[in-house]
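Protein chains: 2
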Amino acid sequence: MERSLGRYQGLSWMSGFVASSQVLGLAIIAITGVWMGHFRGGFAWEGALQFNVHPLCMVIGMVFLFGDALLVYRVFRNESKYTSKIIHGTLHVFAFVIALVGIIAVFENHANSKIPHLYSIHSWCGIAVFILFFSQWVIGFALFLFPGASNAHRSRYKSLHVFFGIFLLTAAIGTCLMGINEKLIFSLGNSYSQLPVEGVLANALGLLLLAFGVTIGYIVTRDEWKRPPLPEEQALSMDFKTLTEGDSPSEQ
Amino acid sequence: MERSLGRYQGLSWMSGFVASSQVLGLAIIAITGVWMGHFRGGFAWEGALQFNVHPLCMVIGMVFLFGDALLVYRVFRNESKYTSKIIHGTLHVFAFVIALVGIIAVFENHANSKIPHLYSIHSWCGIAVFILFFSQWVIGFALFLFPGASNAHRSRYKSLHVFFGIFLLTAAIGTCLMGINEKLIFSLGNSYSQLPVEGVLANALGLLLLAFGVTIGYIVTRDEWKRPPLPEEQALSMDFKTLTEGDSPSEQ
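Quick mapping for you: the protein sequence lines, in order, are chains A and B.
Mapping the first sequence onto my numbering, position 212 (from 1) lands on 212, and the numbers just tick up by one.
To convert, count from 1 in the second sequence and add 1000; that's my numbering.
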């Protein structure tokens, strides 16, 4: 009784952290929207305003949706593993498509403005993270959703997949922080050091991005909040363990 | 026999990762030294060159020594826990002092050059990470080295301490990446987009910082590489468990 009460309280803490992460995530999107929409002139797919699509798409795709995809196994803990995998993979597809739109926006903007592509450390990190994210998605799909892979391969790769997922979210947030710094220096010039409202807003956006990352990171690394296997999965995994260890189920 | 061979092979993999992290760490320090020493005019504690002390100290203190402090429990796995704690805490003291020198350098440089303090997102993140690092050190010292704390408090706080340690290293690396981006834009201006040697070098430094972070992160998050308790610690922790659970050692 005490044990299950403890578990219940643990999960209600988790719900609090998940709710905070969503508030932070929506705040990040809203502030990026206000920054680009109000302070930088709004959004368009043509002309100079095309750049403004880039920060908004990267924050929605590579931060908010990416982060939420990591939470799927915690939040949908009573759904079947297959359902969770589908939601996890689908959120990443949305993240990928939205981030791709954001990347196309900045490439077209650079081409139209005769700015060289991929010269800054922000762009180097960004393109590396995006390629690694795509690779991780393809490998994840092939191993965890495509029916061919063996359970042994899956369980061996799983901890790597989890580690690189958290690393890529972290690196994506780091890349956003560099992007904020770069954009503020280019747009505000010397007045950035006087901290006008736009500077304070975008600096605060950076701190909120860090807070979002640390909240998601905390939720997904707590052992006690891990999704426990459903009863039918537990039976299956015991059968599998028995088979691979070469014992019959009746043996100790 | 097979099991211990597997464990031995696991540890030799770990040694490979630790060696790689040290090569990466030394490369980061060397490249920062070359960047500031060769491309930015060298080091001095007076005048404009005082700024150049800042990146070098932050990279040595908040990245290399901080990262190495996290490895102590993996590398000195056969030392007593107390010895490991002393090495871990001492490395962090060196990290703190060197980082403090780096922070003083940039504050004095800003004061002398009439540049406002703490306006950029780089500086906001940097100062937040430094304050949190100091707080984590003080709490860690009070709980894990000072004799007063109970084992129950220690074990409850430990996972938080580990999580925030990894988070702070990650945030420190993110702050360095912003610093690199900022410095390149300020120093190279428009020529940054033509990627001169200095730009390529400093961009590569950014990628190496990411690689250092991911290598350290990987080593310290592998369950199978965790320091196993020494035989005498195992006996102690069983006594403690028995005492707190209210059973006598002879009971099942």
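Hints are not guaranteed to be accurate.
[Stated by the list, open to error] With the C-beta cut set under 10 Å, the calculated list includes, among others, these residues of chain A facing chain B: (1) Gly16; (2) Phe17; (3) Pro116; (4) Phe164; (5) Ile166; (6) Leu177; (7) Gly179; (8) Asn181; (9) Ser193; (10) Leu205; (11) Val214; (12) Arg222.
Simulated from the structure, these hints should not be mistaken for laboratory data.
We put the CB at the ideal spot given by N, CA and C, even for glycine.
Each hint tested on the structure:
no.: 1; hint: Gly16; verdict: 16 Å, violated
no.: 2; hint: Phe17; verdict: 12 Å, violated
no.: 3; hint: Pro116; verdict: 5 Å, holds
no.: 4; hint: Phe164; verdict: 8 Å, holds
no.: 5; hint: Ile166; verdict: 8 Å, holds
no.: 6; hint: Leu177; verdict: 5 Å, holds
no.: 7; hint: Gly179; verdict: 9 Å, holds
no.: 8; hint: Asn181; verdict: 5 Å, holds
no.: 9; hint: Ser193; verdict: 5 Å, holds
no.: 10; hint: Leu205; verdict: 8 Å, holds
no.: 11; hint: Val214; verdict: 5 Å, holds
no.: 12; hint: Arg222; verdict: 8 Å, holds
Checked against the numbered hints given earlier, the structure breaks hints 1 and 2 and satisfies all the rest.
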